[in-house]
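Protein sequence lines correspond, in order, to chains Z and R.
For the first sequence, the positions run 1 to 554 when UniProt numbering is used.
For the second sequence, the positions run 1 to 554 when UniProt numbering is used.
Be a bit skeptical, because a hint or two may be false.
Claimed, not checked - Some, not all, of what chain R presents toward chain Z, calculated at C-beta under 10 Å:
{"#": "1", "residue": "Ser10"}
{"#": "2", "residue": "Gly142"}
{"#": "3", "residue": "Pro181"}
{"#": "4", "residue": "Ala221"}
{"#": "5", "residue": "Asp388"}
{"#": "6", "residue": "Glu419"}
{"#": "7", "residue": "Thr433"}
{"#": "8", "residue": "Asn437"}
Claimed, not checked - Some chain R residues judged to face chain Z by a derived CB distance under 8 Å, without partners named:
{"#": "9", "residue": "Val5"}
{"#": "10", "residue": "Gln17"}
{"#": "11", "residue": "Phe31"}
{"#": "12", "residue": "Ala72"}
{"#": "13", "residue": "Gly225"}
{"#": "14", "residue": "Tyr250"}
{"#": "15", "residue": "Ala511"}
{"#": "16", "residue": "Ala515"}
{"#": "17", "residue": "Gln518"}
Unchecked claim - Okay, derived cross-link-like pairs now, BS3-like style, lysine-lysine, Cα gap no bigger than 30 Å in a straight line:
{"#": "18", "chain 1": "Z", "residue 1": "Lys352", "chain 2": "R", "residue 2": "Lys441"}
{"#": "19", "chain 1": "R", "residue 1": "Lys516", "chain 2": "Z", "residue 2": "Lys223"}
{"#": "20", "chain 1": "Z", "residue 1": "Lys223", "chain 2": "R", "residue 2": "Lys484"}
{"#": "21", "chain 1": "Z", "residue 1": "Lys441", "chain 2": "Z", "residue 2": "Lys516"}
Simulated from the structure, these hints should not be mistaken for lab results.
Where a beta carbon is used, it is the ideal one built from N, C-alpha and C, also for glycine.
Protein chains: 2
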Amino acid sequence: MTDIVRGLPSTHGDSFQLNTTTLIRHAARTFPEQQIVYRTPDGGWDRYTYADAYARIQQAANVLTGLGVGPADVVGILDWNSKRHFELYWAIPGTAAVMLQMNLRLAPEDLGYVTTHSGASVVLVDESLLPAARELAPHAPGVRTWVVMSDRPSSEIDPGLPNAVFFEDLMAEASAEYDWPVIDETSAYSACYTTGTTGRPKGVYYSHRGIYLHTMAQAAAVKMGSDDTVMLITPMFHGQSWGLPQSAVYSQAKVVLPGRYAAEDTSVLVDAMIAEQVTVANGAPAIFGPMLAYLETLDEAPDLSRARLLCGATEPPLSMMRGFFELTGADVIHAYGATETTPFVTVNAGIKPTLTGLSDDQRWDLKRCQGLPVNGIEVRIVDAAGADLPHDGVAEGELLIRGPWITERYHDLDDAPGERFIDGFWRSGDVATIYPNGYLKVVDRLKDVVKSGGEWISSIDMENAVVAHPRVAEAAVIGVAHPKWQERPVVLLATVDGDDVPLSEIHDLLATRFAKWQLPDTVIRVDALPRTSVGKLDKKVMRVEYADLYQVVR
Amino acid sequence: MTDIVRGLPSTHGDSFQLNTTTLIRHAARTFPEQQIVYRTPDGGWDRYTYADAYARIQQAANVLTGLGVGPADVVGILDWNSKRHFELYWAIPGTAAVMLQMNLRLAPEDLGYVTTHSGASVVLVDESLLPAARELAPHAPGVRTWVVMSDRPSSEIDPGLPNAVFFEDLMAEASAEYDWPVIDETSAYSACYTTGTTGRPKGVYYSHRGIYLHTMAQAAAVKMGSDDTVMLITPMFHGQSWGLPQSAVYSQAKVVLPGRYAAEDTSVLVDAMIAEQVTVANGAPAIFGPMLAYLETLDEAPDLSRARLLCGATEPPLSMMRGFFELTGADVIHAYGATETTPFVTVNAGIKPTLTGLSDDQRWDLKRCQGLPVNGIEVRIVDAAGADLPHDGVAEGELLIRGPWITERYHDLDDAPGERFIDGFWRSGDVATIYPNGYLKVVDRLKDVVKSGGEWISSIDMENAVVAHPRVAEAAVIGVAHPKWQERPVVLLATVDGDDVPLSEIHDLLATRFAKWQLPDTVIRVDALPRTSVGKLDKKVMRVEYADLYQVVR
C-alpha cells in the first residue's frame with residue numbers, strides 16, 4: 001500500500017456519503033414528470049413517472065424492512081429488465097442491504113452456489129421465473145423468504161416455494177415514505193458473480209461509492225442528459241446492465257425497460273426503439289446483429305441518428321457497426337469492461353477531433369478498438385514478468401486495471417491473490433496494445449493466445465479473418481498442445497450450409513495477414529460453437545474436447 | 001450529525017483517493033496532443049499541448065518542493081488567466097499543499113489579511129503584478145519567498161520584493177518527472193476567501209474530493225467533451241474560474257487562456273472565441289454584455305451555435321441572452337452558485353424536453369431562472385423560523401444548500417456558526433422559490449428584500465422592471481428605514497443621458513407588476529452605482545449612504 005499523505009483539513013462537506021439512492025431521489029425531485037416506459041408480462045407496454053417510481057421505491061424499502069431486511073443483509077432478484085427490477089435497484093441498496101444479481105442463465109447448481117455463498121436470505125422472483133426458483137430452492141437452503149412478484153392476484157398463484165409471500169400484497173399496505181439511512185459509502189451496494197469459464201463463480205461486491213463514481217463517469221463519457229431516452233437491453237442481473245440504469249437516472253433520462261424478451265424477439269426491441277425514439281441502448285453484438293437484420297427488412301429505415309448503441313462483451317463486427325450507421329445513422333460505440341470493472345474501463349465514443357487526416361476506412365478501423373480509458377481509471381500493459389511495456393502501439397501485454405470502481409479482491413475467497421491482482425491492479429486476463437495517442441486495443445484473451453514455437457498468435461485476429469469467408473457462420477481458434485511447437489492453432493467453424501470449408505480456402509483468407517508458420521494445420525467443422533451462459537465463446541470446452549488432437553504424451 | 005450505517009464491505013478499490021492531479025495526468029496520457037492556447041504578455045497568442053503542460057506541471061512541482069513546500073503548506077498565486085496559472089493549478093495541490101486564490105481586485109490591506117490568515121508562506125506573482133505585490137508585501141509578513149514569473153530574463157527584472165526568486169530559472173533546472181503523493185482526498189486543495197460585503201473575508205477551503213466530484217458533475221451537466229474548446233474568462237483567482245479549468249481537463253477539451261485583459265478588451269475575447277471556435281466559456285453579465293455589443297458591430301456575425309456561455313454572478317438580462325442567440329446562435333446558460341459552493345448549485349442547461357407547450361416568451365422567461373439543482377446537491381427553502389416551505393412555485397424562503405462540494409464551516413473562524421449553517425446546510429442568504437417541476441428561481445438577497453409593512457418586496461424584481469426604461473443604464477433598489485412602514489423601497493439609478501427620470505415614469509413601469517403599496521416614493525439619480533471588487537452591486541454602501549433618508553429616529 002502506498003502511504004496516504006494528509007494536507008490541511010478542508011471546509012467542504014467531506015463527510016457527505018455517496019449513496020446511490022440519492023440519485024433517484026434527486027431525479028424524482030427535479031424531474032418528477034420524466035417517464036419510465038416498461039413492457040408488461042402480457043407483451044404490452046405501459047409507463048409511469050419518476051415520481052411514481054420513487055413512491056413505489058419507498059414502499060418497497062418499507063416492504064423489505066418489514067421482512068426483516070437490514071444493513072448488510074443480502075437480497076437476491078430473479079427477474080427480467082422489468083419495472084419492479086428497476087424499483088428494487090434503488091430500494092434494496094437504499095436500506096443498506098446488498099442487492100444480489102442472479103443470473104437466470106446459470107445452472108441451478110451454480111446459481112445455488114452463488115446464492116449460498118453470498119448468504120442471501122431473501123429472494124424476489126418474478127412469477128414467470130417460478131419454475132427456475134423451484135429448481136433453485138433445494139440448492140439455496142439459506143433463503144428464508146421467497147417474494148413472488150406478479151401483476152396477477154396472489155390468490156391465483158401457487159408459488160410452490162417454502163415461505164413464499166406476495167410482493168404486491170405487501171406493497172399495497174406499505175407507506176410511500178421511507179427515511180433512507182445514511183450509508184457508509186464503502187458499503188456493498190450489490191453483488192455480481194463472475195461467470196468465468198474457470199472454476200466457481202467469484203463474488204464482486206460493488207460499493208455505493210464505486211457505483212456513484214462510475215455513474216458520473218459514464219454519464220459524462222456518453223454525454224447523457226434529460227433529452228435522452230435510454231433502453232436497457234443488457235440484463236440487469238449481470239453487471240447491473242453495465243451501469244446504465246444508474247447513469248440514466250443520474251442524467252434524468254427517459255428509461256425504457258423491455259422486460260422479458262427472447263433472442264427471437266428482436267422486433268420488440270427495434271419497434272420500441274423506434275416508437276420511443278431511443279437515443280441510448282446497450283447490448284452485445286449477439287443482440288445488435290439480429291436487430292440490424294430486422295431493420296434491414298423494414299420498408300423504410302428509421303432515422304436513429306441520435307442513437308448511441310453501447311456495444312460490449314465482444315468486439316462488434318465492423319459490418320454491423322457500418323450497417324447501423326449507413327442504414328439508420330445510429331452510432332455503435334464499442335465499450336470495454338468486465339464484471340470486475342463495474343464495467344466501464346474504456347469507451348470509443350467519437351473519434352478524437354485531432355485525428356483529422358484519417359480515411360473513411362481508417363476511421364472505421366479505429367472505431368473497432370476498445371477506445372480511450374475512462375477518466376478515473378488507470379491502465380497498464382505488462383509482459384509475462386510483470387514489467388511495464390511501452391504505449392507504442394506495438395508492444396502487447398496483459399492489461400492491468402485500477403480505479404475506484406475496479407475490484408481489488410474477491411468476496412470471501414482465499415485463493416492466491418497474485419493470480420488475479422498485482423499492486424492493487426486487477427489482472428484482466430486480456431492481452432492489449434496501447435497506442436501513443438491513448439487508444440487501447442485488446443488483442444486476445446491471455447489464455448486464448450496460441451503460443452507456437454515461442455511466439456504468440458492472436459486467436460481473435462485469426463477468427464476475424466476466418467469469418468470473412470462467405471460460408472462461415474461463426475469461428476473459433478484455439479491453441480492445441482503440440483509435441484514439437486508447444487501449441488498449434490486449430491480452427492473450429494460452423495458454416496451456413498453445413499458443408500465443410502477446405503483448409504486451402506482458410507489459408508487463402510489468412511495469407512495476407514499471417515506468416516506462413518502461423519497458418520493452422522487443421523480445420524474442424526461443427527454444428528455450433530459452445531458458448532457460456534452470457535453468450536461468449538466457451539473455449540474451455542473446446543480446448544478440453546480437442547486436447548489430444550496432436551497426441552501429445554502427457 | 002446523522003448516524004452513518006455500515007453495510008457489508010465491498011470488493012471495490014474504495015481506498016482509491018480522489019486526487020485532482022490525476023485528472024491532468026489522465027488527460028496527458030490519453031490526449032497528449034490536445035491543445036492549450038494562451039495569450040502572452042505582449043498580447044500575442046501561443047499554444048502548447050497537454051503533454052507539454054504536464055511536463056511543465058511536474059517541473060513546477062519539483063520547483064515547489066525545492067522551495068521547501070510540502071503537505072499542508074499554503075502557496076498563493078497573483079496572476080491572470082495565464083499558462084503558468086494553469087500549470088500551478090495542478091502542481092500546487094499535487095504536492096499536497098494548498099493553492100491560495102488571491103483576488104487582484106482586493107485592497108492591499110484585505111489581500112494582506114487573506115494572505116496572513118491562510119498562513120501562505122510562498123507567493124508566485126506575475127511580473128505585471130509586481131507593483132501590487134510590493135503594496136501587498138508589508139501586509140503579508142508571513143510570506144517567506146516571492147517567486148517572480150515572467151518570460152523575460154531574470155537579469156532584466158527588479159522584483160523589489162524581499163527574498164525573491166525567479167520561476168523560469170528554477171524551472172529550467174527542474175526535472176520533468178514528479179512522483180505525485182497519494183493525498184487523503186479530504187485534504188484542502190485550494191483556498192478562496194469570500195469577498196462578501198459584510199465583515200472580513202472568510203476562508204473556504206475546497207477539498208480534493210469536493211473538487212473532483214464537482215468537476216465530474218459539471219462535465220456531465222454541460223455535456224463537455226474533447227470536441228469542446230473551453231475559454232476561461234472568469235478569473236482563476238476567484239472560485240477557481242467556477243471549476244471550468246478542471247472540468248475542461250476532465251473532458252480533455254481544448255483550453256483557451258486569455259491572460260491579462262481589461263474590461264475594454266472585449267474584442268480580445270470575441271476575436272479569440274471566433275478564431276479558436278470556442279464552444280464553452282464562462283463569465284458574468286458584465287463581461288458578456290460588452291462582448292455582445294462588440295459582436296453587433298461586426299460586418300458579419302459569426303456562427304457560435306455550438307457555444308454554451310455559462311453566465312453567473314448575477315442574473316443575465318433577457319435582452320443579452322436573446323441577443324446572443326439571435327445574432328450568433330450561442331446559448332447563454334444561467335448557472336448559480338457562490339464561493340462557498342465551488343460553485344455549481346443549479347444550472348439552466350436546456351429546457352426540459354417535457355415542457356413542450358411553452359410559448360417563445362415562456363421559454364425565454366424560464367431560461368432566466370437559476371435552473372435545476374445539479375445532481376449531488378440538495379436544496380431546501382425555509383421561512384424565517386427555519387421551517388421547510390413547499391416547492392410550489394409560490395412560497396419564497398431562504399435557500400439552504402448541502403452536498404459534497406458545499407462548505408460546511410469557514411476556515412479558522414469562530415463566529416456563530418448558526419448564522420451561516422443549519423443542520424449541515426449552508427445558508428445562502430438568497431431568497432428563492434422552487435417550482436413543482438424542480439426549477440429554482442432566486443428572488444432576492446435576504447438582506448436586500450425590502451420589508452415594508454410586514455410584507456416583502458423583491459428588490460431584484462423591481463430593478464429588472466426599472467432598467468426596462470429606455471434611458472436607464474443601471475438601477476438598484478434598496479430598503480430604507482421608515483418610521484411608519486419599517487422600510488420603504490428607494491430606487492437608485494444612472495441614466496444614459498445624465499438626466500433625471502420622473503417618479504411617475506417609474507410608477508408607470510412598475511404598475512402592472514407591483515401593488516400600489518409596493519411602489520417607491522423616491523427615485524435618486526446617481527452617476528454610477530457602487531460595485532464590489534467582483535462587480536456586484538454594493539448595496540451595503542448604498543444603504544449606509546441613504547440610511548437617514550426618511551429620518552428615522554434611532
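Evaluated hints:
| no. | hint | verdict |
| --- | --- | --- |
| 1 | Ser10 | holds (3 Å) |
| 2 | Gly142 | violated (15 Å) |
| 3 | Pro181 | holds (4 Å) |
| 4 | Ala221 | holds (8 Å) |
| 5 | Asp388 | violated (13 Å) |
| 6 | Glu419 | violated (15 Å) |
| 7 | Thr433 | violated (15 Å) |
| 8 | Asn437 | holds (7 Å) |
| 9 | Val5 | holds (4 Å) |
| 10 | Gln17 | holds (6 Å) |
| 11 | Phe31 | holds (6 Å) |
| 12 | Ala72 | holds (5 Å) |
| 13 | Gly225 | holds (6 Å) |
| 14 | Tyr250 | holds (6 Å) |
| 15 | Ala511 | violated (36 Å) |
| 16 | Ala515 | violated (32 Å) |
| 17 | Gln518 | violated (32 Å) |
| 18 | Z:Lys352 with R:Lys441 | violated (38 Å) |
| 19 | R:Lys516 with Z:Lys223 | violated (49 Å) |
| 20 | Z:Lys223 with R:Lys484 | violated (57 Å) |
| 21 | Z:Lys441 with Z:Lys516 | holds (24 Å) |
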